[in-house]
Every structure is written in structure tokens, then in C-alpha cells.
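Straight run, no breaks: the sequence shown in this note's numbering ends on number 484.
If you're looking for bench data, these hints aren't it; they were derived computationally from the structure.
Just so we're clear, the structure is a prediction, and the values are computed from it rather than from any experiment.
Be careful, since some hints might not be right.
As the list claims (entries may be wrong) - Below, simulated DSBU-like cross-link-like pairs (lysine-lysine); rule was C-alpha separation at most 35 Å, straight line: (1) Lys214 / Lys107; (2) Lys386 / Lys107; (3) Lys401 / Lys375; (4) Lys94 / Lys282; (5) Lys222 / Lys175; (6) Lys225 / Lys386; (7) Lys225 / Lys235; (8) Lys401 / Lys198; (9) Lys168 / Lys414; (10) Lys107 / Lys94; (11) Lys85 / Lys112; (12) Lys442 / Lys254; (13) Lys232 / Lys442; (14) Lys282 / Lys198; (15) Lys112 / Lys442; (16) Lys112 / Lys101; (17) Lys107 / Lys401; (18) Lys112 / Lys232; (19) Lys225 / Lys214; (20) Lys245 / Lys235; (21) Lys198 / Lys71; (22) Lys282 / Lys214; (23) Lys198 / Lys289.
To be verified - Computed Cβ-Cβ distance ranges for the label pairs, DEER-style: (24) Thr293 / Gly124: 39 to 49 Å; (25) Lys85 / Ser300: 22 to 32 Å; (26) Arg252 / Leu446: 14 to 24 Å.
For glycine and all other residues, C-beta sits at the position ideal for the given N, C-alpha and C.
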Amino acid sequence: MSRIVSFVSCLLIFTACALMKSEYSEEVKKDLPSNAESIPQEWKSAATTGDVSTSWLKTFNDPVLEKIVEESLKNNLDLKNAQAKLESSAASARLAGAAANPFVDASGTLQTIGTLDGKQINNRSAGLNVSWEFDVWGRLKSERQSAKFKYEADALDYEYARQSLAAATTKSWFLCIEMLQQTNLAKNNLSVAEKNLKITETRVKYGKSSRQNISLAKADVATRREKLQTLDNSLQQSKRALEVLLGRYPAAEIKVSAQFPKMIETVPAGLPSEILDRRPDVQAGELRLKSAFYKVKAKKLGRLPQLSLTGALGIPSPMLKNLLGGDSSYFNTGANFLFPVFDGGTRKEAVKIATAEQKSALASYGSTALTAFKEVENTLSNEQVLKEREISLQEAVNELEEAVRHRRLEEQSGKTDILSVLQLEAQLNQNKSTLITLKNLRVSERVNLFLSLGGTF
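Start from the sequences, fold in the hints, and give me the full structure.
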């Protein structure tokens with residue numbers, strides 16, 4: 028019998044030692060497409076070398092925008108929700124760590140046992156119960172590590188949520204500027220159309236133009252009025268969306284700037300390999316992978332025996348001592364040994380579940396890293412394309428303004444009709460509107476670039 032016990036003990040110790048040796052290592056990520064060997068030394072798209080900005084919000088040089096972002100971080104309800112979840116995660120991590128500490132419970136009793144010689148006998152007693160599980164194999168330590176890494180991942184998710192909120196608020200601010208400029212452009216276009224109508228009516232009155240031109244001019248006024256109504260409604264909706272981000276009532280009352288901020292010419296993009304250590308969402312993915320690793324380890328160690336110590340101390344009331352005679356206080360200690368024999372496969376399946384979750388965390392981390400690289404490459408590419416498009420479109424607007432000026436002079440001298448002028452003006456207005464949208468795309472894409480690079484605001 029003693030030989031069997033010795034054999035089982037040696038087998039348990041050997042198995043436990045093998046499990047305890049398995050520590051998280053970079054090897055667990057070697058097959059990821061984001062490993063160091065597959066990451067290029069430089070970005071494939073055009074980029075300026077240098078350190079990534081640690082305060083990108085200030086690069087827009089807009090104090091009002093900075094206050095708006097500060098307000099959103101303070102009052103946004105979704106961010107408060109994320110903060111509450113982070114506090115819950117922190118408590119869960121502390122709870123996991125508490126399992127390795129001794130548990131002490133105090134108990135007390137107050138009861139009436141009976142009467143003796145006409146006297147009521149009461150039992151008053153107090154006691155302490157102590158239990159402490161020895162973390163022989165490191166199961167509790169692994170659970171604590173898993174919970175710790177999960178909390179750290181949640182904390183990075185919260186930080187990324189803050190950065191994303193700052194970016195969303197900034198882009199919402201820029202959208203309001205775009206809608207305001209589009210609305211002002213529409214107002215100006217409507218004013219021009221109304222002046223055209225008056226001039227046309229005067230020329231028809233003196234026989235210098237046909238009545239058909241009056242109908243065309245009126246149609247142009249109606250079209251531009253409808254355009255203004257649509258854009259004004261879009262402006263109100265944009266303001267309400269921004270106010271919700273700020274935690275305000277959506278009353279469309281917020282005052283926005285009339286002009287887009289002037290951007291710095293180039294943005295240092297750093298090195299591709301730095302993304303893995305700089306972006307909070309990528310770092311969170313790796314920490315979740317670590318958490319999943321230690322969760323698997325804890326489940327495996329849970330199949331080994333558990334050893335715990337217990338102790339109890341109790342003191343009864345003096346009356347009960349006299350009744351029972353002698354000292355009826357008690358004190359005891361003991362060791363409890365739990366050896367899993369048969370659980371219907373519960374512990375085995377728990378290991379399989381944790382292993383599958385680790386594989387999922389590994390794939391999720393790789394996907395997050397690849398998405399991060401893609402976002403940077405896309406935003407760097409868009410930076411150059413949008414800049415070139417804006418230059419070309421600005422040139423087109425300048426030339427069309429000159430063409431409209433000459434066409435109007437020709438119409439006034441009777442060399443062309445008003446329809447030709449209106450068609451050219453419509454082309455000019457469309458280009459101006461597109462230019463405003465393009466400017467918003469450029470500043471918004473700049474925000475996306477900062478966010479994708481992992482720069483702080």
C-alpha cells in the first residue's frame with residue numbers, strides 16, 4: 028500500500044512540476060502575421076519619420092475645440108458606462124487575489140437551553156473559524172494572474188475608448204463646420220439667384236430678354252431654396268449629434284467655428300513595429316492572450332489535489348462552564364486533503380473550454396494587429412491623395428469663378444442667354460460644395476491618422 032501511495036505522490040509531483048514550468052512566452056505569438064519578422068521597417072505608404080505626436084489635439088490650434096473635447100470626456104454617458112465596467116473589472120481582479128489569503132469568520136451564539144433550580148440557563152458563546160488553502164501547485168496564483176491581465180486589458184480598452192471619444196468629438200465638430208459652410212454657401216447662392224431673377228425681370232420689362240428666362244430664373248431660385256432647407260436641417264442634426272457626445276440636451280444650440288483649422292503640413296508616423304507597443308487596443312489584445320494563457324493553466328492545475336488548513340476557537344459563557352464542569356472552551360486545527368477522483372469530466376471539459384478561449388484570444392490579437400497596420404497604411408495613403416485632390420479642386424473653383432464672371436458680362440451684353448450663365452454657376456457651386464466636403468475629409472482623416480498611429484491627444 029505504501030508503494031502505491033509513494034508512486035501516486037511522485038506522479039502528482041511530476042505532473043504538477045510540468046504544469047508549473049509552463050509560463051507565458053513570446054513563443055505563443057510566433058505564428059501570428061504580426062510577428063517581428065513580418066513587419067516592414069518602414070510604412071509602405073508615404074510617411075515622415077519621427078516620433079508620433081503625444082498631443083495631436085493641439086496641432087489644430089483651436090482652443091474652443093480643446094474645451095469641447097474636455098467637456099465630452101467629462102460628461103459623455105457612454106464613457107461613464109465604460110468607466111463603471113472598468114471599476115467592476117478592478118474589483119473582480121482583487122477578488123481573484125483574495126482567494127490566496129486566509130479566511131477568518133467570527134461567530135456568536137445566544138440561546139436559552141432550559142432552567143435549573145428555577146434559574147434560566149443561557150448559552151452565550153463566541154468563536155473564530157479560520158480556513159486557508161495552500162496554493163501548492165500555483166492554481167490560485169494562475170487565477171490571480173489571469174484576472175490581473177484581464178483588468179489591465181480592460182483598462183487599456185477604457186483608454187482607447189477615451190481616445191476614440193476625443194477623435195469622434197473632434198470629427199463631429201468638423202462636420203458641424205462643414206454643414207455651416209455648406210449652409211452659408213447655399214444662402215449666398217440663393218441670394219445670387221434672387222438677384223438674377225430681379226435683373227431678368229427688369230431686362231424682360233425693357234424688351235432685352237424673353238419671358239422664358241424669367242421662368243428659368245424662378246426655377247433656379249426654387250431649386251436653391253430647397254437646397255438651403257436641406258442643408259440647414261443637416262446642420263441642426265450635426266449640432267444635436269455633437270451635443271449628445273458632450274452629454275448635453277440635443278437642442279442644436281451649440282456655437283461652432285466658421286472655418287476649418289489650419290493643419291500642420293506633415294505628421295511623423297514612427298515605425299510600424301512601434302504600433303504593437305503604442306496602440307491601447309493592440310496592447311489590450313496581447314494582455315487578453317496572457318489572461319487566457321493563465322486561465323488554461325489554472326484549469327489544468329485544478330485537476331490536482333487541493334490542501335487546506337482549518338482551525339476553530341470557541342469560548343462558552345461562564346454559566347455553561349459551571350453547568351458542564353471544567354473548561355468547555357475548545358480549540359482545534361486540521362488539514363483537509365481534496366483529491367479529484369470522478370467528476371463526470373467537468374474539470375477536463377473546463378480545460379478544453381479555456382484552451383479554446385485561448386485560441387480565440389490568439390486569433391483576435393492577430394486580427395487586431397493587422398487591422399491596426401491596415402488603418403495606418405490607409406490613412407497615410409489618404410493623406411496624400413486628399414491633399415492633391417484639394418489642390419486640383421481649388422484650381423478648378425478659381426478658374427470657374429473667372430469663367431462665370433466673363434459669361435455674365437456676355438449675358439449682359441446680349442451675346443448669350445441666362446440659361447448659359449445658370450448652368451455655369453451650377454457647376455461652380457457644385458465644385459465649391461465639393462471643396463468644402465473635401466476639406467472636412469482632410470481634417471477628419473488627419474484625426475484618423477493620429478488615432479491609428481496610437482498618438483495621444
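Hints versus structure:
Note on Lys214 and Lys107: the hinted pairing is violated, with a Cα-Cα distance of about 40 Å set against a maximum of 35 Å. Proposed proximity of Lys386 and Lys107 is supported: the alpha carbons are some 31 Å apart, at most 35 Å. Among the hinted pairs, Lys401 with Lys375 is inconsistent with the structure: their alpha-carbon atoms are about 39 Å apart, more than 35 Å. For the proposed pair Lys94 and Lys282, the alpha carbon gap of about 13 Å is at most 35 Å, so the pair holds.
Annotation: proposed proximity of Lys222 to Lys175 is violated, straight-line Cα distance about 70 Å (limit 35 Å). Our distance criterion of 35 Å between C-alpha atoms is broken by Lys225 and Lys386, whose separation comes to about 74 Å. Between the alpha carbons of Lys225 and Lys235 the distance comes to roughly 13 Å, so the proposed pair stays at or under 35 Å and holds. Restraint check: the Cα-Cα separation between Lys401 and Lys198 comes to about 20 Å, which is no more than 35 Å; the hinted pair holds.
For the given pair, Lys168 sits about 54 Å from Lys414 by alpha-carbon distance, which is inconsistent with the 35 Å threshold. For the proposed pair Lys107 and Lys94, the alpha carbon gap of about 18 Å is at most 35 Å, so the pair holds. Distance check on the hinted pair: Lys85 and Lys112 sit about 30 Å apart at the alpha-carbon level, within 35 Å; holds. Restraint check for Lys442 and Lys254: the C-alpha separation of about 30 Å stays at or below 35 Å, so the hint holds.
For the given pair, Lys232 sits about 19 Å from Lys442 by alpha-carbon distance, which is consistent with the 35 Å threshold. Distance check on the hinted pair: Lys282 and Lys198 sit about 15 Å apart at the alpha-carbon level, within 35 Å; holds. Proposed proximity of Lys112 and Lys442 is contradicted: the alpha carbons are some 72 Å apart, above 35 Å. Of the pairs offered as hints, the one joining Lys112 and Lys101 holds, with about 16 Å between alpha carbons and a cut-off of 35 Å not exceeded.
For the given pair, Lys107 sits about 30 Å from Lys401 by alpha-carbon distance, which is consistent with the 35 Å threshold. Between Lys112 and Lys232 the alpha-carbon distance is near 74 Å, which puts this suggested pair outside the 35 Å criterion. A hinted pair counts as satisfied when its Cα atoms are at most 35 Å apart, and Lys225 with Lys214 qualifies at roughly 17 Å. Taking the CA atoms of Lys245 and Lys235, the gap is near 18 Å; set against the 35 Å cutoff, the hint holds.
Of the supplied pair hints, the one linking Lys198 and Lys71 holds, its CA atoms being roughly 26 Å apart against a limit of 35 Å. Straight-line distance between C-alpha atoms of Lys282 and Lys214 comes to about 18 Å, which keeps the hinted pair within the 35 Å bound. A C-alpha spacing of about 15 Å is found between Lys198 and Lys289, which places the hinted pair at or below 35 Å, so the restraint holds. Our hint of 39 to 49 Å for Thr293 and Gly124 holds, since their Cβ atoms are close to 47 Å apart.
Taken as a hint, the range 22 to 32 Å holds for the pair Lys85 and Ser300, whose Cβ atoms sit roughly 26 Å apart. Separation of Arg252 from Leu446 is about 19 Å and conforms to the stated range, judged on CB atoms against 14 to 24 Å.
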